[in-house]
Structure formats: structure tokens, C-alpha cells
Amino acid sequence: MNIQFKKGVLEICVLSVLAHKDCYGYELVGEISKRIDISEGTIYPLLKRLKDEGYVTTYLQESAEGPPRKYYRLTERGRKEEQDQKDEWMRFAASVNALLEGKDDSN
Amino acid sequence: MTQTEQEYIRILRNRLEGVLPREDLEDLLSDYSEHFRIGKASGRTEEDLCRSLGSPEDVAREVKATHLVKKAEKTRSCRNIFHAVIATLGLGLFNLVFVLVPFIFLVVLLAVIFLLGVAFAVFGPAAFIFSLLQILGIPSFAIWQSPLAGAFFSIGITSFGILLIVAAFYLARFFYHLGIRYLTWNIGVIKGAEDIS
Numbered sequence: 021m022n023i024q025f026k027k028g029v030l031e032i033c034v035l036s037v038l039a040h041k042d043c044y045g046y047e048l049v050g051e052i053s054k055r056i057d058i059s060e061g062t063i064y065p066l067l068k069r070l071k072d073e074g075y076v077t078t079y080l081q082e083s084a085e086g087p088p089r090k091y092y093r094l095t096e097r098g099r100k101e102e103q104d105q106k107d108e109w110m111r112f113a114a115s116v117n118a119l120l121e122g123k124d125d126s127n
Numbered sequence: 268m269t270q271t272e273q274e275y276i277r278i279l280r281n282r283l284e285g286v287l288p289r290e291d292l293e294d295l296l297s298d299y300s301e302h303f304r305i306g307k308a309s310g311r312t313e314e315d316l317c318r319s320l321g322s323p324e325d326v327a328r329e330v331k332a333t334h335l336v337k338k339a340e341k342t343r344s345c346r347n348i349f350h351a352v353i354a355t356l357g358l359g360l361f362n363l364v365f366v367l368v369p370f371i372f373l374v375v376l377l378a379v380i381f382l383l384g385v386a387f388a389v390f391g392p393a394a395f396i397f398s399l400l401q402i403l404g405i406p407s408f409a410i411w412q413s414p415l416a417g418a419f420f421s422i423g424i425t426s427f428g429i430l431l432i433v434a435a436f437y438l439a440r441f442f443y444h445l446g447i448r449y450l451t452w453n454i455g456v457i458k459g460a461e462d463i464s
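As given, the protein sequences belong to chains A and B, one line each in that order.
Position 77, counted from 1, in the first sequence is what the numbering used here calls 97; the numbers after and before it change by one each time, with no gaps.
Position 142, counted from 1, in the second sequence is what the numbering used here calls 409; the numbers after and before it change by one each time, with no gaps.
Note that these hints are calculated values from the structure, not bench results.
Accuracy of the hints is not assured; some may be wrong.
[Unchecked claim] Listed next, the stretches of chain B that the computed footprint assigns to chain A, with coverage defined by at least 3 CB atoms under 8 Å from CB atoms of chain A:
| no. | region |
| --- | --- |
| 1 | 303 to 314 |
| 2 | 329 to 341 |
| 3 | 396 to 404 |
[To be verified] No farther apart than 20 Å at their CA atoms in a straight line, the calculated lysine to aspartate or glutamate pairs in the DMTMM-like style are these:
| no. | chain 1 | residue 1 | chain 2 | residue 2 |
| --- | --- | --- | --- | --- |
| 4 | B | 337 | A | 51 |
| 5 | B | 337 | B | 290 |
| 6 | A | 54 | B | 313 |
| 7 | A | 90 | B | 314 |
| 8 | B | 338 | B | 301 |
| 9 | B | 307 | A | 51 |
| 10 | A | 71 | B | 301 |
| 11 | A | 106 | A | 85 |
| 12 | A | 90 | B | 340 |
| 13 | A | 71 | B | 313 |
| 14 | A | 71 | B | 298 |
| 15 | A | 90 | A | 73 |
| 16 | A | 68 | B | 314 |
| 17 | A | 71 | B | 340 |
| 18 | A | 71 | B | 314 |
| 19 | B | 341 | A | 73 |
| 20 | A | 90 | B | 324 |
[As the list claims (entries may be wrong)] Here's a subset of chain B near chain A, in silico, CB distances under 10 Å, partners left out:
| no. | residue |
| --- | --- |
| 21 | 274 |
| 22 | 275 |
| 23 | 279 |
| 24 | 291 |
| 25 | 294 |
| 26 | 295 |
| 27 | 297 |
| 28 | 299 |
| 29 | 376 |
| 30 | 418 |
| 31 | 419 |
This one's a predicted model, so the numbers in the text were calculated from it and none came from an experiment.
For every residue, glycine included, the Cβ atom is placed at its ideal position computed from N, Cα and C.
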């Protein structure tokens, strides 16, 4: 798939995964690359940016295996952003699909 | 192609040292260290992890561009916007056309407006003085047919020059804001040049 597409939607994918549960970096990367083929290295700078913008916070949590891991959690602001971006994406995707399938819009 | 954790981290560090604040850099590098640590603990090889991560050079380029654009947004200066534009250019061939060309066009346009303004603002008062001398009957360059009309016209030219200079500054400010927004968007969408995913 076209990499410009992927990069554009990466942010909402990250927000969406975090809306379901808090994740540590490796886990989050896994959730996303399981479905979308991306350069996984680009997710960490994105997480940093989301943190700077106040959409996520981080906390350390002990793990059974080895040292504590850095978890990412959506803030209230992040939740709202996720909802907004999701709505926007759904509307956009529906329009594009309708257009590509040549459906009549006048129903 | 990067194949080991050490090399991956080293490339990131080399490229971002002195660009990012120390604390941010260490924070970012520790994210990648954790990624390798957990990946290896789950049985993957460093080579495999590196392949999935993709090129560290691309990550570095993108982080650098994002940081410099944010810096230019926070502290407005010619130097900062210049650095931001240069860093964004590195993100791909596309940007040579879609960042460099508009940037040069705007710089030239603003320079022309500004210099025209300066020219008018200098020529206007000079012409005004010559008109006055002519009215007073003192021999000098007679540049107008009618010195009185010339005097008024000179005032007009001077005002127009000052207006152009002010306009150049406001336009520069406007394009600066617009430029920052465009660069931010651009980085979000444009891929690194040698991304092989």
C-alpha cells in the first residue's frame, strides 16, 4: 500500500489502539504492524509527538520478565481527539468508498 | 542495511546529537532499547528487529525535521525557518519541488516588495526636495513639468514606499505562519527518501 496513505493514518491507528487499552511501545507497534505494513521505527517519534501534544501520558510498570516497561495511556484530550479523528475518518472513508464503487449519491 | 541493535542506536545518536535536547534524545533512544530488549526476550533476532524497524536514517531525518519546524514555530527567526526548510528538504525528492520552489519564490517576492518600498521611500523625499527648490526658484534638477504637482506626487510616492515596506513585513509574518503549518503537514505525509518498506 502507498506509504503516504499509511503515514497519514498512523496517528489515528495509534490513538485507536490506545483507546482500547494502555500499551507498552513494543506491544503497540505489534498491534499496528500486525495489520499495516509500516517501518515500525517511525512509531516512537509519533508517540513522542502525541505526548508533547498532551494526547497521551506515560508511566512505568513492572513486568514479570525483566525491567519495568514504559506504558502509554490516552489522556482525556487524547480520547476526545481519537473520537473526532475516528468520526472524520469514517465519514471520509464512506464517501471515498461510495465514489470508488460508483454509487449514486442521491438516494 | 542496519543489522544490530548497537548500530541502530548509534546511527540515531550520531544523527540527532546536538539537534534534540539531551533529555529528549536519551528518552527516544531508551524507547528503541526497550523495543530491542522486549523483542529479543520474545525470541526474535536483532537482525529481524532491525528489518521491521526500518531505516534509522529515515527516523532521524523525520525527528530532526519535526523538531526544527517546531523550533521555528516557537521562536520566529530567519535562521530557524531556514533550518526547518533545509531539514524538510531532506525528507524526499518531492520536497525539492514542493518546499524549495515555493520557499524561494516567496523569499524573492518579499525581497522585491521590500526593495521597491525602499526605493520609493528614498526617491520620494528626494523628489520632494527638488520640487521645493524648483518652486522657490533655486536652480536644481527640474524633474517635474509642474513643480507643485510634483511635490504632491512625491509625497504620494513616499507614502506608497512606506506602505510597501510595512506590507512586506506583514506578508513575511503571514507566510511564516502559513509556511510552518505547511511544513508540519508535509512532514506528516511525506515519506523518507530511502524507505524500503
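These are the hints, each one checked on the structure:
1. With 4 residues carrying a beta carbon less than 8 Å from a beta carbon of chain A, the region 303 to 314 of chain B meets the three-residue requirement, and the given coverage holds.
2. As drawn, the region 329 to 341 of chain B meets chain A at 3 residues by the rule of a beta-carbon pair under 8 Å; at three or more, the given contact holds.
3. Only when three residues or more bring their CB closer than 8 Å to a CB of chain A does the claim for the region 396 to 404 of chain B stand; here the count is 0, and the claim is violated.
4. A distance of roughly 29 Å separates the Cα atoms of residue 337 of chain B and residue 51 of chain A; the hinted pair therefore is violated under the 20 Å criterion.
5. Straight-line distance between C-alpha atoms of residue 337 of chain B and residue 290 of chain B comes to about 17 Å, which keeps the hinted pair within the 20 Å bound.
6. As the CA atoms of residue 54 of chain A and residue 313 of chain B are separated by approximately 19 Å, the hinted pair is consistent with the 20 Å bound.
7. With a C-alpha separation of about 23 Å, the suggested pairing of residue 90 of chain A with residue 314 of chain B is violated against the 20 Å cut-off.
8. In summary, the hint linking residue 338 of chain B to residue 301 of chain B is not supported, as the alpha carbons are separated by about 28 Å, beyond the 20 Å threshold.
9. For the proposed pair residue 307 of chain B and residue 51 of chain A, the alpha carbon gap of about 17 Å is at most 20 Å, so the pair holds.
10. Under the criterion of a C-alpha separation no larger than 20 Å, the hint pairing residue 71 of chain A with residue 301 of chain B is consistent with the structure, at around 18 Å.
11. The suggested pairing of residue 106 of chain A with residue 85 of chain A is violated, with an alpha-carbon distance near 35 Å, which exceeds 20 Å.
12. Using a Cα cut-off of 20 Å, the hinted pair residue 90 of chain A and residue 340 of chain B is violated, with the two alpha carbons roughly 29 Å apart.
13. Between residue 71 of chain A and residue 313 of chain B the CA atoms are separated by roughly 28 Å; this puts the pair beyond 20 Å, and the hint is violated.
14. Only pairs whose Cα atoms come within 20 Å are accepted, and residue 71 of chain A paired with residue 298 of chain B is accepted, the gap being roughly 13 Å.
15. At roughly 18 Å between alpha-carbon atoms, residue 90 of chain A and residue 73 of chain A fall within 20 Å of each other, so this suggested pair holds.
16. Between residue 68 of chain A and residue 314 of chain B, the direct Cα distance comes to roughly 25 Å. Violation of the 20 Å bound is thereby established for this hinted pair.
17. A hinted pair counts as satisfied when its Cα atoms are at most 20 Å apart, and residue 71 of chain A with residue 340 of chain B qualifies at roughly 18 Å.
18. With a C-alpha separation of about 29 Å, the suggested pair residue 71 of chain A and residue 314 of chain B falls outside the 20 Å cut-off, and the hint is violated.
19. Annotation: proposed proximity of residue 341 of chain B to residue 73 of chain A holds, straight-line Cα distance about 14 Å (limit 20 Å).
20. Under the criterion of a C-alpha separation no larger than 20 Å, the hint pairing residue 90 of chain A with residue 324 of chain B is inconsistent with the structure, at around 24 Å.
21. For residue 274 of chain B, the interface hint is violated, the least distance from its beta-carbon to any beta-carbon of chain A being 13 Å, above 10 Å.
22. Below 10 Å, beta-carbon pairs count as interface contacts, and residue 275 of chain B has one with chain A at about 8 Å; its hint therefore holds.
23. Taking 10 Å as the C-beta cut-off, the interface hint given for residue 279 of chain B holds, the closest approach to chain A being about 9 Å.
24. Interface restraint check for residue 291 of chain B: the shortest CB-CB distance to chain A comes to about 8 Å, inside 10 Å, so the restraint holds.
25. At its closest, the beta carbon of residue 294 of chain B sits 7 Å from a beta carbon of chain A; the interface hint therefore holds under the 10 Å criterion.
26. Restraint check, residue 295 of chain B versus chain A: the minimum CB separation of about 6 Å is within 10 Å; hint holds.
27. Proximity of residue 297 of chain B to chain A holds as hinted, the smallest CB-CB distance being about 8 Å (cut-off 10 Å).
28. With its C-beta approaching chain A no nearer than about 7 Å, residue 299 of chain B sits inside the 10 Å limit, and its interface hint holds.
29. With 10 Å as the threshold, the beta carbon of residue 376 of chain B stays out of range of chain A, its nearest partner Cβ sitting at about 29 Å, so the hint is violated.
30. Of the supplied interface hints, the one on residue 418 of chain B is violated, with its beta-carbon coming no nearer than about 58 Å to a beta-carbon of chain A, more than 10 Å.
31. A cut of 10 Å between beta carbons decides the hint on residue 419 of chain B: the least distance to chain A is about 56 Å, and the hint is violated.
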